[in-house]
Amino acid sequence: MITYLECEKGFSEIGEWHPGCWVNVVEPDRDDLAVLISRFGVPEDFINDVSDIDERPRLEHSANWIFTILRIPVTCTDREIPFMTIPLGILVNGDYIITICNYPSFLITDFINHTQKRNLDILTAPDFILRLINSCAYWFLRHLKDVHNTVAAAEKELQQSIRNEDLFKLMNLQKSLVIFAASISGNNLLLERMNRVFGNTFDRELFDDVSIEMRQADTTTAIAIQMLDRTLDTYASVISNNVNAIMKRLTSISLILMIPTLIASFYGMNVDVGISPTSPWAFPAIIGVGFALSLITTLWLRQIKWL
179 MITYLECEKG FSEIGEWHPG CWVNVVEPDR DDLAVLISRF GVPEDFINDV SDIDERPRLE
239 HSANWIFTIL RIPVTCTDRE IPFMTIPLGI LVNGDYIITI CNYPSFLITD FINHTQKRNL
299 DILTAPDFIL RLINSCAYWF LRHLKDVHNT VAAAEKELQQ SIRNEDLFKL MNLQKSLVIF
359 AASISGNNLL LERMNRVFGN TFDRELFDDV SIEMRQADTT TAIAIQMLDR TLDTYASVIS
419 NNVNAIMKRL TSISLILMIP TLIASFYGMN VDVGISPTSP WAFPAIIGVG FALSLITTLW
479 LRQIKWL
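For what it's worth, our numbering labels the leading residue of the sequence shown as 179, then goes sequentially.
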């Protein structure tokens, strides 16, 4: 879908394109791609790059075009991992400012609403890109809060009962954090590249604010990864200790049950064992001795804290 937006105290949608407006393309179909190539002259190679979900962040020049690819966070509903990142392409060529995203994302909608609430006038393409990166950093931090809340809820469940489903949930969160870390690192390199390419043509104060936000997202992600790693290591140790405790109890029970079985085996042999088989006290005596020895063994195992 292609929409055209004009910035006047924030971006608002307009019916037709005119020089200087923003062309926003989300989940384009073949007709949308044909319009981009035929009407705006967008290189097909760049369209193919943006469609690659694993494309890395970068900024390149080609003819009169400036290509920028940014990694933005999204929530997953059809994958095992709860969060991931997708590429957002930004093209600048004179009067053309075009963004292309082949996957659904709330970031663009939130960015438009933010410019309207703040009555922002974005006059240059570098400032436009910086604003998008700033919005990207905000959503990284917001999703990291969601990750923190999910980890806290999973920890409460694991304290009551350690289940494979809860551990897999934490492992999937760990994958999301690794993806976040790689994407944020790439976006920081993109910021450095923009600083070299655009120089002083953009708002330096805005650039410093965006750099701080991205560094904060980077630091927060690194801390979250370390905390989740330690949490998983802790629960791995807890599981190992639980297994050891269960094995100790099973071994103790086996030892206790083995004693009466051993005594019954001795007196079940076809040899003279000193007790007349016709004695009315033979069976109670054997059972009593076996029970007494088992009781003694049980008390001894409890004393050494095996039970």
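Some clues are possibly wrong.
The calculated BS3-like cross-link candidates involving lysine-lysine, where the alpha carbons are at most 27 angstroms apart (straight line), are [as the list claims (entries may be wrong)]:
no. : residue 1 : residue 2
1   : Lys323    : Lys334
2   : Lys323    : Lys295
3   : Lys295    : Lys187
4   : Lys323    : Lys347
5   : Lys426    : Lys483
6   : Lys334    : Lys347
7   : Lys295    : Lys334
8   : Lys334    : Lys353
It is worth saying that the hints were derived from the structure and are not from the lab. A quick note: this is a predicted structure, and the numbers were derived from the prediction, not measured.
Consistency of the hints with the structure:
1. Proximity of Lys323 to Lys334 is assessed by CA-CA distance (about 17 angstroms); at most 27 angstroms being required, the pair is judged to hold.
2. Taking the CA atoms of Lys323 and Lys295, the gap is about 24 angstroms. The hint holds against a cut of 27 angstroms.
3. Note on Lys295 and Lys187: the hinted pairing holds, with a Cα-Cα distance of about 9 angstroms set against a maximum of 27 angstroms.
4. Distance hint between Lys323 and Lys347 is fulfilled; the C-alpha atoms sit about 16 angstroms from each other, no more than 27 angstroms.
5. As the CA atoms of Lys426 and Lys483 are separated by approximately 10 angstroms, the hinted pair is consistent with the 27 angstroms bound.
6. With a CA separation close to 13 angstroms, the supplied pair Lys334 and Lys347 stays within the 27 angstroms bound.
7. For the hint linking Lys295 to Lys334, the alpha-carbon distance of about 39 angstroms lies beyond 27 angstroms, and the restraint is violated.
8. Of the pairs offered as hints, the one joining Lys334 and Lys353 holds, with about 21 angstroms between alpha carbons and a cut-off of 27 angstroms not exceeded.
When held up to the earlier numbered hints, the structure conflicts with hint 7 and nothing else.
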